[in-house]
Each structure stands twice: as structure tokens, then as C-alpha cells.
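> Here's the letter readout for the chains.
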Amino acid sequence: MKPSSHWKNIVNFAMFGLTGLCALVSVGTLVFILGYLVFNGGKSLSMSFFTNLPAPVGEVGGGMANALLGSGKVLLLATLIGIPIGFLGGVYLSEYSGKTIAFVIRYVTDLLNGVPSIVIGIVVYTLVVHPMGHFSTFAGGVALGIMMIPISVRSTEEYLLAVPPSLREAAFALGAPKWKAIITVVIPAAMRGIISGTMLDLARVAGETAPLLFTALGNQFWSPGWNQPSATLPVMIFTYAIAPYEDWHRQAWAAGFVLLMLVLLINVTARMALSKGSYVPRG
Amino acid sequence: MSQEARLPVSKIESPPTVSEKKPLSENPKKLCAEKLNFFYGKFQALHDISIDMRENHITALIGPSGCGKSTFLRTLNRMHETVRGTRLEGQILLDGESIFQQNVNALRLKVGMVFQRSNPFPKSIFENVAYGLRVNGYDGGKQRLQEEVERSLRKAAIWDEVKDKLHESAFGLSGGQQQRICIARALAVRPEVLLLDEPCSALDPIATAKIEELLFGLKPECTIVIVTHNMQQAARVSDFTGFFLLGKLIEFDSTNLIFQNPSKSETEDYVTGRFG
Amino acid sequence: MATTPVLGERALPPGGARSFLMRLRGGEEIAYTITFTAAAAIFVITALICYELFAQSEISRHKFGWAFLFTSEWDPVAGKFGALPFIYGTVITSVLALLIAIPQGIGSAIFLAEMAPARISNALTFLIELLAAVPSVIYGLLGVFILVPVLQKSVVPALKSVFGALPIFQGAFYGVSYFSAGIVLSVMIVPFIISVSREVLISVPRDQREASLALGASKWQTVWLVVVPNASTGIMGSIFLALARALGETMAVTMVIGNTPQIKASLLAPGYSIAAVIANEFTEATGDLYLSALIELGLVLFGVTFVLNGLARILIMATAQKGAHS
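These protein sequence lines map, in sequence, to chains A, B and C.
The opening position of the first sequence corresponds to residue 519 in this note's numbering, with each subsequent residue numbered one higher.
The opening position of the second sequence corresponds to residue 26 in this note's numbering, with each subsequent residue numbered one higher.
The opening position of the third sequence corresponds to residue 1388 in this note's numbering, with each subsequent residue numbered one higher.
In isolation and in its complexed conformation, chain A is listed as follows (with noise of 0.2 Å):
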């Protein structure tokens, strides 16, 4: 029996060749993406993009404006409602349930995290849309606050849990209640986790186009209050880019830009916000 070992460096080497070529792939496809957005899209960007209402076809200087405060709107009811449901029930998961409950919600949890994102938008249509009798901020929220909370749920429970027990313990020992010391004690030291895994949970849902198709629906002008449909920067990139005039491919160029920018530097930053290394809830 020969050892070969001059046959297996070579083989060594090469399979340490091929699979870094297929990382250098995926990180080459990230590279790639960016840079083409930030040029393509820097270029196209102006002061118009951020202030200007969409022009009709033809007309140049249009603007995304009101889809940019549509999205704004759009996220922070979502996060009014997927955050405090997702967080709470993340703290009850963590805290207060027995073990056949909690398998029970972490199951349900999953499955609704599992829900392709467009079903969630039927959902919310025949729900909320259908009988308020048309599109709006409001159902738009809804939708992507549902979307939040399987995540927000997970994160909190993960940082949750991860906080020793001897930190309860010694709040228990000082005299405690269960509720205070969870408040005072143990929500504290998971802080930095839970907000970064909110961010997280933000930046998936903000570049969510599928629920919103029909439930903000779009709008050409501004969308006052919470109840008219309006028009948020992911459906904008999609009817822009669809559409057959080159001023509204370079105004979704530029949207796509703005929002990769949003998208990454808030992931960037709440990744970056935990320890290194740290387990980062999958969405």
C-alpha cells in the first residue's frame, strides 16, 4: 500500500482552488451588485429624486418623494405593530411559558415565518383591504408588521435566554418579583441583541415588495392620513422598471440605490453592533 502523498498534495490544492473559486463567486456577486447600483444609481440621483412627485410620463424631474415618506410610513406602523407583539411574545417564550406551550408558539412562530410573503399580502387584502373597501397606509403596515414579528420573537427569545441565570438569581435574592427583576434586569442585558435583532428585522422587511402590491397598493401624490393607498420605494422600483420609458428605468436605478444603501447600512450596523461573532437570528 503506497501512501500517495504526492498525489493527495495535489488534490489538496486543488480542491482548496475550487472551492475558494466558488466563495470568490458570491462574494464576487455581492461586489458586483454594489458597485453596479452605486454607480448606476449614484448617477441617476438627485435633489429632484427626494423632493419631486412623480412626473407624468414624458416629463422630466420627476421624483419619488412620496414614495420615500409612503415607506417611512409603511415601516413605522409596522414596527408599532410587529415589534411590541414579536418582543412580547418573545419575553413570554423566555420567561413565563411551560414546555408544551412553548414548543407550540415556537412551532406556530416558524410556520408564520415561513409564509412567502406574497400570501401574506392575499391575506391582508381579504382581511383588512376587502372590507375597509380599498387599498392604504394602514394595510400596508399591517402586513409588514406581521412579517416582523416571527423574527422579532426569535431574536428576543435567543437574547433572552442567553442571559445567565445567575443575574436572575441575584435579583431574586435582593427580593425581586419575577416581573421586576426581568424588567430591570434581564431585558437590560439583552439590549444591545434585541435592538439589533429589531434592525435586522427592519432592514428584511423595508425592502418587502410582494405584500405591499395590494394592500398600499401605489399612488401618484402624496397619500395624507393613514387611509389611501400610497405608493412606498420597493413598488415604485418594480413599476418603474417594468415599465417601458428610460426616465423611469433611470429613476428606478436611483431608487435602487437609495434603498440597497437603507438596506445595508442598517444591517451593516446591527451586525456590527453585536459582539463578534455572535448568532444572528436567520430570517
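It cannot be assumed that every hint is accurate.
[What the hints assert, rightly or not] Partial list, derived from the structure: chain C residues whose beta carbon lies under 7 Å from chain B:
| no. | residue |
| --- | --- |
| 1 | 1414 |
| 2 | 1417 |
| 3 | 1594 |
| 4 | 1598 |
| 5 | 1605 |
| 6 | 1613 |
| 7 | 1616 |
[As the list claims (entries may be wrong)] From chain C, some residues computed to sit far from chain A (all C-beta separations above 10 Å):
| no. | residue |
| --- | --- |
| 8 | 1446 |
| 9 | 1463 |
| 10 | 1551 |
| 11 | 1666 |
| 12 | 1674 |
| 13 | 1700 |
Note that these hints are calculated values from the structure, not bench results.
For glycine and all other residues, C-beta sits at the position ideal for the given N, C-alpha and C.
Fit chains B and C to the supplied structure of chain A, relying on the hints for placement.
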């Protein structure tokens, strides 16, 4: 086999070196460490270790937890190189040649290792034992492979228990059986030296006895180095014993002398159970 | 009352309504109730989703029954609705995406987990995980304006010159097609495979690798013959996860698939997927039957992704447990 050599009165500070002592055995030196110093980053784990393991003998390394005996064992087949931040000074010779001058995979074919907890691969018993042969370019044909696997399983004293389930998963066996499979796996490549790192620490007394017995049977074809925290085991099984303490080799001699008439007070304290 | 409420809580509860009120004053019950309500809300919302999908698709399910899944005619005007073209398109594009993403993903994961030094591995993993954060509509944007023209100009002509005889490369290529959608999908799902596979590979216990190295195996042999088999269940799980993701993907697909309800053998032909048709036709749907049919498509999608996600989770958990016990 082992001689009743009377050690010269040695200074407390310096560990025994090869030149100072009369040979403990007529057998040639199989594996020698010379002035070995080992570092984990800044921490020095081994200090000036010099030791000769004689061919076809069982050498036991004993000492309290954290004394460096496992660390030392792992340098003998260059397993320390799989951990980052380690540094080694000194020399290790196999049959007179430095182990660092040869290809590490080839070295590991000659110097095999059995680990503290059994770690069979998630494969069948047969494939576990055949693994070493397969990855090293075995080309002898299916019939011969089966013979080699059977031979290894017999040497590991487990053939009768598994011969009817060779193609079942190795995980279906008990802890002691799994460890013997791991021994068979190591033996399949016919190593000249076998290193065992506390192989019985997770096993019950009966399983331990079986393994000790099979080690005796391996002596004619193998040089064995065994790390153990179980002094009775060292006394039962080995021809020579080295006592480690805080990274230094305090004393190395024939097993009888170490346990009945040690020269150093630290050794005596340890083997009589005063500490550790 | 100046006395600390703590003593009252620490005392054994007297029982009955009075004790509830006592505890309520202390805050413990409130905390429990609030958090429990939130958890229950999650349950209710999810149940509501399932219910709505079933209820709103009733009309269509009642009319077409199981044949819905096997009929290929989609003619809203005539009131005929068959899901087959969309199921076909969804499956074809997802399979194509997996064929590309699996070797690419596992190869990258092996590199990141086993071959690269830790710092490079962490940096590269960070970047690759950012790929998962890129919104779907942006992938669509790049797909429409970059990928499709490139495919049209160079890649597909080259493919056709070599493989043109194969049925999957027959016919004219107009850019939007199963092929383009499959490629875009593969880029989108690769980060999931890499991320999960890398973690399961890292979690394979050290002593498995050491046992292999101690027998004289080389690094690559150890990785391929021992580490990867150890991690195989988890890697399977990551593939299921990626598949579930691909099936539900809407925006990027609808921008490059061609949105044509047909069934064609050639990858170069335009097609349609379940998510894409819902996205495009939902707001235009006239009549209850049309809407109900679209919702039934949503139900199908929901069912399939539900099963896949469940399987994925079981597989990934099984690997985690194996690692913990070793």
C-alpha cells in the same frame, strides 16, 4: 524483559537524560524525544522533555490532570500541528529520523493514535476499519481488504462480537466496543507505534480489562505509548513509566521501580496517592 | 403604603379571587397576561392566515376540485383556471436554481468552514450573508437590465451552439425565460445554503477530524470523507430551506420569467410561476371565481413551503443534536 537497574542518585532539579542512565532494555530505541519544549502561545506546557520509548514495549505516561502528558503524546504524531498558535522546540526521532523531516501523513501511518473518547465515523463498522486503508491508496482488491479488516478486528479483540454486523453502523455498539473499533481502525494501517490517550477513561472496568489485555497481545508487533490517569492501569500494563508534573518529566524508569522504589519524592507522593 | 410589596408576593398565596387581586397589584399577573396575550396573538394570526386561505379559495376549490392542480388551461375570460403552468414554472425555475446553487453553495461553505483561515472566513461570510439582505426587487432590477441582455448577447448563443440539439435549449430566446429566472433565483438562494452549511460543518466535533488525520488522511480527504458526511443532514436541511425560499420568491422572478402561462420543455421559453401570477393578476382579477382561483394558488404555495420548512427544521435540528451528543 525489564532490568532491575539501580538508578544513580540524581539531582532533584534535572530530569533524567539519556546519557546518564544505564539502558533499561536491550531493545532498540523506537521513538525518542530530545529536549522537547512546547508552547501554547506564551504559555510553556512542556519543559525539556527527553524520553526514549523502546521497541515492542509498553510505555505509560502518568501524572495529575494538566501536567502535559496528553500534550506530549500529541506531539509524537504531530497532531499538535492541527491547533493554531502552538510552537515546538526540540527533536523527536522515529527510528533515528526526525519526524519533522518527513511527510506528516506518511508519519501518521507509522504512528497511530487512539483517542480518549471513542470517535467512530458515521459509517459502518467495516468502513470505519477500512478507512485508513482506503484513504492511503489501498489497491489490494476486495478480498484482501476484507482479510485486513478481519485481522484488525481480531487484534482488537472484537471480531467475535461484530462479525455478523460488519455493515451496520458503528454507533450501535457500546462505548467499550466502539473504542475497540477505534483501536481496530488504527491497527488496520499496521502502525509501528500506537499512541493511546487515556483510552479507557470513559469505560467500565470490564471494558477496560478487555482493552488492557489486547494491548499485551499487540506488543510483539507494535511499540505502545499510553497516557493514563489510572495508576493501577499503568502498573498493570506497562513496562516503563514516565511521571509528568507541571510540564516536566520528573522520573522515567521501569514500571516496577517507579511504583515500588521511586527515586524522586514527587513521584513517591503521587504514586502513593498523597496528591493528584 | 410604604411597605415593600415584595413581602406580600413572597408569602404563600391565600387562594381564590382575593389572591388574584393581590398578585395583580404586585404586577406579576399583569406581566404574565400581557406577554401571554402577545404569544396568543401570534397563534391567532397564523391560524387566521390558514383559515383565510382555505375560506377564500372555497369557490375555486369547490368548482375545480383536485383537477385544479393538473389542468393547464388558464383563461380568465372563459372562467377556466388550471394551476399546472404555474406549478410547472415554479418547479422548473427552483430546480434550475438548486442545480446551480447547491454545488456553488456547498463548495463555498467547505472553503469557509474548513479551508480558509478564521479571519478571512469570518470576513467573507459576513459579506456573503449581506447578499441575503439584498431586497428581491433589486435582484429583479439587475436581472432585467443586466442579466437578460448578457444572456441574450453572449451566453445563450454560446449554449445553443454547443447544446442546441437538446430539447431544453430549443427555440427562440427573448431574454425573459425560465432560464433567466432560474439563474437569478440561484444567486438569491446561495447565501442560505452557504450560511447554514458553514455552521453545520463547523459544528462537526473535533475528534472526528482528528481521528481521520491520525490515520494519515490528508486535509481534503478528511473534509470530504468525514466532515461533510457528518454534516450531511444539516446540509440537506439548508437545501430544503433554500428551496422553500425559491418557491415563494415573487418579485425577481416576475421581472424576468416572461409571465406567460404555458408549459414548455425548453428553458429558453417564457413561463410563469405561482407567486408571479398572483402578483400580476390579483388586483386585476374580476369576479369571485378569478380571485378565488388566485387565492387557491396562494394556498398551494403556502402548503408546499410549510412542508418544506418543517422538514428543513427537523433536519437541521437533528444535526445539532448529533453534534451535541458526540
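> Hint by hint, say whether it matches the structure.
Now the hints, each set against the structure:
1. 1414: violated, 49 Å
2. 1417: This hint is violated: residue 1417 (chain C) lies away from chain B, its Cβ roughly 50 Å from the closest one there, beyond 7 Å.
3. 1594: holds, 4 Å
4. 1598: holds, 5 Å
5. 1605: holds, 6 Å
6. 1613: holds, 6 Å
7. 1616: holds, 6 Å
8. 1446: The claim holds: residue 1446 (chain C) sits with its nearest Cβ about 13 Å from chain A, beyond 10 Å.
9. 1463: Given that every Cβ of chain A is farther than 10 Å from that of residue 1463 (chain C), nearest at about 17 Å, it holds.
10. 1551: Holds, because the least Cβ-Cβ distance between residue 1551 (chain C) and chain A comes to about 26 Å, which exceeds 10 Å.
11. 1666: At roughly 6 Å from the nearest Cβ of chain A, residue 1666 (chain C) sits no farther out than 10 Å, so the non-interface label is violated.
12. 1674: Fine: 14 Å to the nearest Cβ keeps residue 1674 (chain C) off the interface.
13. 1700: violated, 6 Å
Violated hints for the displayed structure, listed by number in ascending order: 1, 2, 11, 13.
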